[in-house]
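Protein chains in written order, with our numbering: chain A, 1 to 444; chain B, 1 to 444; chain C, 1 to 444; chain D, 1 to 444.
It is worth saying that the hints were derived from the structure and are not from the lab. Accuracy of the hints is not assured; some may be wrong.
As the list makes no split between identical chains, a pair holds if one copy fits it or if it spans any two.
Claimed, not checked - BS3-like cross-link-like pairs, simulated, lysine-lysine; straight-line CA separation at most 25 Å: (1) LYS395 to LYS11; (2) LYS336 to LYS11; (3) LYS126 to LYS14; (4) LYS442 to LYS222; (5) LYS395 to LYS354; (6) LYS375 to LYS406; (7) LYS434 to LYS46; (8) LYS187 to LYS126; (9) LYS376 to LYS100; (10) LYS56 to LYS94; (11) LYS46 to LYS100; (12) LYS356 to LYS434; (13) LYS376 to LYS411; (14) LYS336 to LYS14; (15) LYS183 to LYS133; (16) LYS183 to LYS324; (17) LYS411 to LYS11; (18) LYS403 to LYS46; (19) LYS395 to LYS356; (20) LYS213 to LYS187; (21) LYS434 to LYS213; (22) LYS126 to LYS63; (23) LYS376 to LYS403.
Number of protein chains: 4
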Amino acid sequence: MKTLWGEGEKKVSKQVFDWTQSFSFDFVLFPYDVMGSIAHIQMLCKCGIITKKEEKILTLAFKSILNDYNSGNLKIIKEFEDVHSCVQFLVEEKVGNVAKKIHTARSRNDQISLDTRLYCRDTVNKIINSMEKLNNIIAKTGADNKDIIIPGYTHLQHAQPVFLSHHLNSYIEMLERDIWRFKDALKRVNILPLGSCAIAGTSLNIDRAFVAKKLGFDSISKNSMDAVSDRDFVIELLSGCAIAGMHLSRICEDIILWNTQEFGWVVLDDSVVTGSSMMPHKKNPDVLELIRGKTGILYGNLVQMLTLMKGLPMTYNRDMQEDKPPLFSSIQTIEKSVSVLGLVFSLIGFNREKIKQSLLDEELYATDIAEYLVKKGVSFRDAHRAVGNLMVYVKNKETSVSKLSKEELKKIHPELNMDIMNLLNPQTSVALKKSFGGTGQKMD
Amino acid sequence: MKTLWGEGEKKVSKQVFDWTQSFSFDFVLFPYDVMGSIAHIQMLCKCGIITKKEEKILTLAFKSILNDYNSGNLKIIKEFEDVHSCVQFLVEEKVGNVAKKIHTARSRNDQISLDTRLYCRDTVNKIINSMEKLNNIIAKTGADNKDIIIPGYTHLQHAQPVFLSHHLNSYIEMLERDIWRFKDALKRVNILPLGSCAIAGTSLNIDRAFVAKKLGFDSISKNSMDAVSDRDFVIELLSGCAIAGMHLSRICEDIILWNTQEFGWVVLDDSVVTGSSMMPHKKNPDVLELIRGKTGILYGNLVQMLTLMKGLPMTYNRDMQEDKPPLFSSIQTIEKSVSVLGLVFSLIGFNREKIKQSLLDEELYATDIAEYLVKKGVSFRDAHRAVGNLMVYVKNKETSVSKLSKEELKKIHPELNMDIMNLLNPQTSVALKKSFGGTGQKMD
Amino acid sequence: MKTLWGEGEKKVSKQVFDWTQSFSFDFVLFPYDVMGSIAHIQMLCKCGIITKKEEKILTLAFKSILNDYNSGNLKIIKEFEDVHSCVQFLVEEKVGNVAKKIHTARSRNDQISLDTRLYCRDTVNKIINSMEKLNNIIAKTGADNKDIIIPGYTHLQHAQPVFLSHHLNSYIEMLERDIWRFKDALKRVNILPLGSCAIAGTSLNIDRAFVAKKLGFDSISKNSMDAVSDRDFVIELLSGCAIAGMHLSRICEDIILWNTQEFGWVVLDDSVVTGSSMMPHKKNPDVLELIRGKTGILYGNLVQMLTLMKGLPMTYNRDMQEDKPPLFSSIQTIEKSVSVLGLVFSLIGFNREKIKQSLLDEELYATDIAEYLVKKGVSFRDAHRAVGNLMVYVKNKETSVSKLSKEELKKIHPELNMDIMNLLNPQTSVALKKSFGGTGQKMD
Amino acid sequence: MKTLWGEGEKKVSKQVFDWTQSFSFDFVLFPYDVMGSIAHIQMLCKCGIITKKEEKILTLAFKSILNDYNSGNLKIIKEFEDVHSCVQFLVEEKVGNVAKKIHTARSRNDQISLDTRLYCRDTVNKIINSMEKLNNIIAKTGADNKDIIIPGYTHLQHAQPVFLSHHLNSYIEMLERDIWRFKDALKRVNILPLGSCAIAGTSLNIDRAFVAKKLGFDSISKNSMDAVSDRDFVIELLSGCAIAGMHLSRICEDIILWNTQEFGWVVLDDSVVTGSSMMPHKKNPDVLELIRGKTGILYGNLVQMLTLMKGLPMTYNRDMQEDKPPLFSSIQTIEKSVSVLGLVFSLIGFNREKIKQSLLDEELYATDIAEYLVKKGVSFRDAHRAVGNLMVYVKNKETSVSKLSKEELKKIHPELNMDIMNLLNPQTSVALKKSFGGTGQKMD
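I would like the entire structure built from these sequences, with the hints used as guidance.
Written as structure tokens, this is what we have:
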């Protein structure tokens, strides 16, 4: 195994090479390493550190291996320590000695930070797009079923009727917040670390602003030591993914519940359910369970990164190489979860008959009756107590509110009149909730 | 124990009351609950739901108990389920029946979200202030010792010389990022949830914009179901605290290392170290160890919140009551950690003699010699290899670079000249790193 | 503030004292600190390090303050750094100078490990008792309803009928495993660390075996450096609590589901449910939600301890003081959760009518029909496919299996006969599952 | 894509197949799936469910594909949903229709639990072996350097001198505890779940005890519902790995510190260090940093599994498929970490000169002087204070204890004599610590 120091010394053992290599997972950074390298050598040329001719030769070589990569023609025939040495090797194979000048005024410390930032910027923007698509699908599901009213729950107990679309819109809100949070996080991603070199900067006369502009960075890191030891941007994205995964887990939990035989509100398409090897009748919502279960991956990845950074002395430590597997894993998990959830929603059906049965529960209107009393001048607390008594009365008598007489109502509270019977239906209930953000709010 | 439903039913058992109450920890929300309630009743008055007179009486009562709280005169003589029922009770004690109107068009679901958001906004702004103060202290420490050069480390091995102030500035960068991240998170905190009520909004004609304006909120939640089930803002802050705590743990790790007898770079003031019950000579950096150790609290709190939200069906579930202990704990931990670290830095001394010994290591200048060769036209890789050979040569001969002859240098690489001896000192080394963000960069 | 080193030096600042003190949370160790100290001074006496008279005076004083503690008469009138200095102070107050001999051949490093181990042994044994009580209650619930059959679920979809008691017994199995795991963990708790002193042991001639025997320890730690830096026993208990909490969260999830209006299988007693401040009809299973939610605490505490120990150099570091809040928190959380869950089960009722409706689903018997075919010599895979076709047939025809004719059955599979109709009821289904561990297994 | 239900229905979409498949990671279970299947069909034969002839054919086929697997000749040419369907397919390819009988009285729910348990038993036993090997290497390192004395640390401050071997033995204690814990955990792994089937057991007359004996299980699961929903054994192993990883991280932290230029105590072999792409002199302890960093993986995997099990309703849910990646990852991480750390220790050297410099610190003997006074009848607290004063005196006078006169000693404490000068060397100090577990304890 190759060493990076003077000749005539012992080589690194094979076991150590295998243990320390990152090539088995960081090859995904290949295009970003090439992009960054092109900008870097153009800067070296602009600053007179390499010649125009050298720059041309190298740029051409970089573009050529990137083409091979993009077209699937890249063949990797040996083991590398990391993606950087692979890229270096491929270019050197093409252009020989001039390639020895690439790694001037650059260390793998700032280079890997650059590659990772480019990867993050790219993939997080894709996730944002996927989330927007998912939101469109959910919004369409709501629109397609805009007349459906369901019991809304708190504590998994019937609370008040809401439009199905209002419930679905709450998912959209969660995902919108994820997008917003990702966008804010990207501001801290999109900072150029290259030029920080190993730790102290360089004695060569470089132009970091040039590289930043070439690569579309908003700004340039201000302290070389911080730049090579900072992984906040990774953790912040992992945190964003964890929160997004938590949202997805809640959405899936809802649909899994609604899909039980007891609820029976939704119909999942046969193409998105799976069977049992023993029980012939089974059609299980595995797709949703796996999204929910993979929340664990996202939390675990966040904990991994927080753990590895804890208590590390400044600046770069090799522990930090372990940032990439959790990063790649969380990014891919969110990407696929969002996509497959979109598929489920695009094929979902609703069983109006079963939903109607759930709405027969008169207690769903208890709060409306209390607010009815408030409108008549009763204090809310008295109203609340009166309706509580009404519920107890009905339960003890094993009857229902709709069957009560005027006299019975009056006994419970003098301001209760027979017109409360009009409140006992879902359409009225949702229509009344006109407050901003309420389920009956007019949306345009 | 009181119930919230109809009369004549069983009461909640004492054990259940104790288990479900949150008053033992949510009393810290008292002033926010009062502030929110005042804005709420002013809105109820504006919208004609209570009279001007009622509003006056209630506002006065609220202000009165807030005064008592602020002046430390508030006496709590009974057990409450939560801070809301405590506030309600105190006002009712003062004004009687009119207090029954307060909880109109409001549920504890939206009320607790409001209180928590007000708490977050307030305390996070304080943390930002504390961090800015800490940064000023660190900057002053750097400025007061601006001539000190130390070995910079990667992998906890001597890398290149850097200004002590450059090292300290890397801490400032980390904390600046924390502040930035907190400010972004506050945007998602500063949204009014009140008016979402239990889940569906209300049939009463309320004005949420009025409340938002009164309380200084940037915007108003758009979906009542999301509003009462959202705890993203808590998680995002816990994540910000975890990252900040990680930063603090790294800073402390550095100082603890520098404080070992072997390094001996720093002198901690006797007022910030502690002794041993058995070993009479001990002066331990417990303050720093505890900051480092409390990173665990911050990570644990984040995991707690992520765990409890995972897979919860919409909307509000009582599990979410458990958001407050970790929130309060992380906020307080960061606040105190930042403050006590400031104390340590404000009293820190540096042992220039010991630092000088660490700088005697000639390997610190290896990279400078390589860049010297690059300036003479040698490719960086060849330069790197040549200096590697130089290091091996010196080690094998048990000599030092500064003792080599011109001939020996030339044998290693023809471009090496006796003028490299000028590179072998820390002042020259740092002065050369003029690249933006480098340790020799001119700062104004 | 007091220092532990020579006279004439600066005192620790108040802020540092507040930051480093543990007395605000470690007072719970009081009785264990006293117990350990008594054994310690008896050993010092036995080894001739203190006199018999001194031992008597000190033992008496220790027992006296322990009495005060146990009877609630202990008054703490000043601030202490930790429980050890409080105990020391109280004894010194009683007996004067002789108390200065207590802390011989002992450091707070081994002392705190001792106290914590005694605490763990005591409280974990209590948890084991509570879990056994809970299991008895659950078993009684099963026995009291031994004829109830419910649909068993996989993927939250109807799978096969099972006895309710079989379902409940699965909870008992989980808790039995928790008890087993705690008992194994206690073996690693019950090792005497005292006598390891600060780090190296002592030059005084002590007898650790004597102390171990007095305090009921199984064995004695074998390496003084490991003994003062080991917190495995805390982490292992936190892990046991986390797993137990996970179990409780699953049990609660089941009951919360069964308590929805759509399932309606259980009736929770009014004394264990809570209401809503806005919705007058609400009876929420908050008790269960909080047990589920507190899983987060247990996970968070485990993460906290793992985090704080990560990467700590040997041996004792002050970070480790932070082991106590998560330990105490997890122990108390499990203790209370188990107890309150017992209360819920002791008052639970089942709604046989609603459960019967859930059992009308004929698909619950699909697997029984497949095994029926296997008994006739059909390979399981063919049988599985045939019953799968049967289910599709019935669904497409919008009929039910019980309404099919012999001809229809034969068309689906020649071995299907009208006697499969006998399989279509829950009693038969569970009775057939006689395999060991199966729901129809005879239990004695 | 294949479905598991009746004909004529929609197929699962490709995206759903890709999302739900586990074959990309569970192929490692291949040999265990085969082993379990052989025992299963032998039981089916014994119980008369398949014929002797069928059993022979199937056993032969299973052994044949296992041979192919072991010899590396197994070719997988298509996509499978999971390892079970792959094994089933390969056997069916060999023997045709008789293979349709294999999956009788078995579900993937109990089968995957069986496979995973067999995997755990096998790999954890290997880890135990590796840890024992590592302990032997560490013990040899201590023995080879048994005369070396180093400063022992608490709070990363000089505490008292200890034998290097005593310090190293503390590592052995930690690993011994890991082995003990793993062995206890294996008791809860080694329980047969097979025969629990999907959830309820089976109506076929099977013999679980036969299978348990064949496969070497200690006992048989007692409740079919618990058996298919239990993943405690996975979590317990992940917790054991997390604790073990924490231990490794502490060991690595020590060596990394000792390897700094400032300590300079150890010499790492060139074959186990790595270089820098920019700094030609660098020899970094990456191997150790990566072991330390991978603690994050182990913590993250534990959190992942705890998260995914939290709040799952009984019994099997597809979320649980996600148990395997973290399990495999933690097992492999520990296995490799332990192995590579053994390599580092087997090549480690110690720099006696640098260690001696660290031992020049007279404060290391402060505690010995205090115990010297105790032996003369001074109470420990007075002794502690006197030595504290001695340290202050020496520091203020800028002298050392060894240079003090008898008069100076007497002034500090009348019992201090010139013979304390004999205490001021490491050999005496360690020799005095004869207490059990102390650094001077005679070991045989």
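Right, here's what the structure says about each hint:
Taking CA atoms no more than 25 Å apart as the test, LYS395 paired with LYS11 passes between copies only; the shortest distance there is 17 Å, against 83 Å inside one copy. In the homo-oligomer, the alpha carbons of LYS336 and LYS11 lie at most 25 Å apart only across protomers (20 Å), although the nearest pairing inside one protomer, at 42 Å, exceeds that limit. When the C-alpha separation of LYS126 and LYS14 is checked against a cutoff of 25 Å, the pair qualifies only between copies, where the shortest distance is 21 Å, while the shortest distance within a copy is 38 Å. Taking the shortest Cα distances, LYS442 and LYS222 sit within 25 Å of each other only across copies (12 Å), while inside one copy they are farther apart (50 Å).
In the homo-oligomer, the alpha carbons of LYS395 and LYS354 lie at most 25 Å apart both inside one protomer (24 Å) and across protomers (17 Å), since each shortest distance falls under that limit. In this assembly of identical chains, the alpha carbons of LYS375 and LYS406 lie at most 25 Å apart only when taken from the same copy (19 Å versus 65 Å across copies). Taking identical chains as interchangeable, the C-alpha atoms of LYS434 and LYS46 lie at most 25 Å apart only when they sit on different chains, with a minimum of 17 Å there against 63 Å within one chain. Proximity of LYS187 to LYS126 under the C-alpha cut-off of 25 Å is found in both arrangements, the shortest distances being 16 Å within a copy and 24 Å between copies.
Only between protomers do LYS376 and LYS100 lie at most 25 Å apart by alpha-carbon distance; the minimum there is 15 Å, versus 86 Å within a single protomer. When the C-alpha separation of LYS56 and LYS94 is checked against a cutoff of 25 Å, the pair qualifies only within one copy, where the shortest distance is 13 Å, while the shortest distance between copies is 60 Å. Taking identical chains as interchangeable, the C-alpha atoms of LYS46 and LYS100 lie at most 25 Å apart only when both belong to the same chain, with a minimum of 18 Å there against 71 Å between chains. For the homomeric pair LYS356 and LYS434, the shortest alpha-carbon distance inside one copy (23 Å) is at most 25 Å, but the shortest distance between copies (41 Å) is not.
Only within a single protomer do LYS376 and LYS411 lie at most 25 Å apart by alpha-carbon distance; the minimum there is 17 Å, versus 68 Å between protomers. Proximity of LYS336 to LYS14 under the C-alpha cut-off of 25 Å is restricted to the inter-copy arrangement: shortest distance 13 Å between copies versus 36 Å within a copy. Only within a single protomer do LYS183 and LYS133 lie at most 25 Å apart by alpha-carbon distance; the minimum there is 16 Å, versus 28 Å between protomers. For the identical chains of this complex, LYS183 and LYS324 are intra-copy neighbours only, at 21 Å inside a copy versus 27 Å across copies, given an alpha-carbon limit of 25 Å.
For the identical chains of this complex, LYS411 and LYS11 are inter-copy neighbours only, at 24 Å across copies versus 94 Å inside a copy, given an alpha-carbon limit of 25 Å. In this homomeric assembly, LYS403 and LYS46 never come within 25 Å of each other (Cα to Cα): the closest approach is 88 Å inside a single copy and 38 Å across copies. For the homomeric pair LYS395 and LYS356, the shortest alpha-carbon distances inside one copy (21 Å) and between copies (22 Å) are both at most 25 Å. Taking the closest pair of Cα atoms, LYS213 and LYS187 come within 25 Å of each other only inside a single copy of the chain (15 Å); across copies the shortest separation is 29 Å, beyond that limit.
With identical chains, the CA atoms of LYS434 and LYS213 are at most 25 Å apart between copies only, with a shortest distance of 20 Å across copies and 50 Å within one. For the identical chains of this complex, LYS126 and LYS63 are intra-copy neighbours only, at 23 Å inside a copy versus 47 Å across copies, given an alpha-carbon limit of 25 Å. Taking identical chains as interchangeable, the C-alpha atoms of LYS376 and LYS403 lie at most 25 Å apart only when both belong to the same chain, with a minimum of 23 Å there against 57 Å between chains.
Hint compliance for this structure: hint 18 alone is broken.
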